[in-house]
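Model the placement of chain Z on the given structure of chain W, informed by the hints.
There are 2 protein chains.
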Amino acid sequence: MTRQSIIDSYQRIKPYIHNTPVLSSSYLNELAGCNMVFKCENFQKMGAFKMRGATNAILNIEKNKRQNGVVTHSSGNFAQAVALAAKTQEIPAYIVMPSNAPNVKKQAVQDYGGQVTICKPTIEERERHCAQIALETGATPLHPSNDLDVILGNSTSSYELLQDYPTLDVILTPVGGGGLLAGTALTVSNFGNDCHCLGAEPANVDDAYRSLASGKIEVNDNINTIADGLRTTLGDVNFPIIQQCVDRIIRVEESEIVHAMKLIWERMKLVVEPSSAVPFAAVLKEPDFFRNKQIGIIISGGNVDLTSLPF
Amino acid sequence: MTRQSIIDSYQRIKPYIHNTPVLSSSYLNELAGCNMVFKCENFQKMGAFKMRGATNAILNIEKNKRQNGVVTHSSGNFAQAVALAAKTQEIPAYIVMPSNAPNVKKQAVQDYGGQVTICKPTIEERERHCAQIALETGATPLHPSNDLDVILGNSTSSYELLQDYPTLDVILTPVGGGGLLAGTALTVSNFGNDCHCLGAEPANVDDAYRSLASGKIEVNDNINTIADGLRTTLGDVNFPIIQQCVDRIIRVEESEIVHAMKLIWERMKLVVEPSSAVPFAAVLKEPDFFRNKQIGIIISGGNVDLTSLPF
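Heads up: the protein sequence lines correspond to chains W and Z, in order.
All residue numbers for the first sequence refer to the numbering used here, where the first residue is 755 and numbers rise by one.
All residue numbers for the second sequence refer to the numbering used here, where the first residue is 755 and numbers rise by one.
Worth double-checking, as some hints may not be accurate.
As the list makes no split between identical chains, a pair holds if one copy fits it or if it spans any two.
[What the hints assert, rightly or not] Okay, derived cross-link-like pairs now, DSBU-like style, lysine-lysine, Cα gap no bigger than 35 Å in a straight line:
(1) 1039 <-> 1016
(2) 860 <-> 874
(3) 819 <-> 874
(4) 859 <-> 1016
(5) 1039 <-> 841
(6) 768 <-> 1016
(7) 841 <-> 1047
These aren't lab readings, by the way, just hints derived from the structure by calculation.
One chain only, chain W, in its complex shape (with noise of 0.2 Å):
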């Protein structure tokens, strides 16, 4: 049943999707010692592969209540995911920020047609202006990562890179929310040949990596890592997928998610996100484990400030 959701929300989301471009590299394949082919969801449309899941949950609503539009909270690459999937569709998406969030993200939003709502910047105020607007407006409420939609709309990131790479022994995503690894999870457990589906997270913030361990969900006392997009925990929806279908969560330091994002950055001429670096720092991180093997790595995306990078 899941092998044909996959598939439906594949065939759902593909007109308004990039199928993402593959790269890989010599020099980083010597250098790790196996052969690592990444999945450009940098290039995806508004960077990120938050688009796939934004675009397959909105396009689950029934057609009547679509019209209403949808409201979310984020922060992050998920609100301008939405915004933009609402735009495509046509209906008004309604974003709470929070009153921290840089200028340049508002902007970005608003830019993809997304009527921002700031809120004080707590969970509770930012999950209370969603429950008003939804009340007020009939839009529905989006997740960006504990949605089964959602999750089925990441998982078509790892579909298409099976399609072109039947072979792969592992493919690698990073995790914070879990969306994106719960989704890869399906696509690897229904689709994969043989293939593993690990993630990597920040040490920082190893709430999934406790998690897994304790059987039971966990979270970070702090948010400290570069990886701005990793700093969420897991929900009730993703985690008993990664529980079931998720080998193994490879810990990675800070100054080894520089070093990643920077070879990357050099020798692959993609900008992409820290997030982005840390299933590659993984990878570095253990050569015996990944020595000679075929990896998928899924570069989860490139919304980076320029003017603050880490090299």
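Leaving out everything else, chain Z in the frame of chain W:
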């Protein structure tokens, strides 16, 4: 005859180069009011189109002589291209570099197996060292841009582009030494379907613009441009080709180059060197001229120092 030479060059170097991806951005198209496709030579081996010319020139050396290797003087991409192309053909590469070349560039040449000789940073000293090495070793001297085999090698980038996009109205390249522009002009005049070839040049080093105007090779008074790949001047091999086959050369200011470069990084998620942004800057500068046209842009390379970006 030229037509067949381009095809032969392409067949000759094809096993040793990447057929580079072509990318586009609906945002940038909307901004510029035209349809642009970017031929990404920043994804080429060693990160620049120069790999094409260097490979073709090396493969055109008669086999007995080829074994003695090649020699060139360069502090830029051509040095790395010759080093890597020679390594691929398993012959020695002797690279003369000025003492003021950045260490990172010397290191890159050595990483590709090039044998670096450091000399005083004058053109006379560079040429003297090249001649001496050629005499001592029997190595064949290679010029970065003023050599027909190099030009024909360079022509293969636009040849690939026109195969994928046969209806382009214009192909634009940056112009420095003139090797890429001349090669592209040969392709466009032989394989273009009512297609025009244009050059784009920093106004601060507008020797090519002035040469086309005066009918003789002009030089630059200074090399004050951020587009470090475009500081060189035309030669007697490529200038006649440019005279015959290039419609016009558009000049852009330094601030326009930086603006265009930042847009390519931010919106296309591509790491490109300043020289590569010059053609896009030209498109932005002359919206009326380019409006609604189908435009091919050669992204010349992506070798840039990430620690000293202009934004």
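Tested hints:
With identical chains, the CA atoms of residue 1039 and residue 1016 are at most 35 Å apart both within one copy (15 Å) and between copies (32 Å). In this assembly of identical chains, the alpha carbons of residue 860 and residue 874 lie at most 35 Å apart only when taken from the same copy (14 Å versus 52 Å across copies). Taking the shortest Cα distances, residue 819 and residue 874 sit within 35 Å of each other inside one copy (29 Å), while across copies they are farther apart (73 Å). For the homomeric pair residue 859 and residue 1016, the shortest alpha-carbon distances inside one copy (23 Å) and between copies (17 Å) are both at most 35 Å.
Within a single copy, residue 1039 and residue 841 get their C-alpha atoms only as close as 41 Å, which misses the 35 Å cut-off; across copies the closest is 30 Å, which meets it. With identical chains, the CA atoms of residue 768 and residue 1016 are at most 35 Å apart both within one copy (32 Å) and between copies (30 Å). Proximity of residue 841 and residue 1047 under a CA criterion of 35 Å is satisfied inter-copy only: 26 Å between copies versus 41 Å inside one chain copy.
The structure fails none of the hints (numbered hints given earlier).
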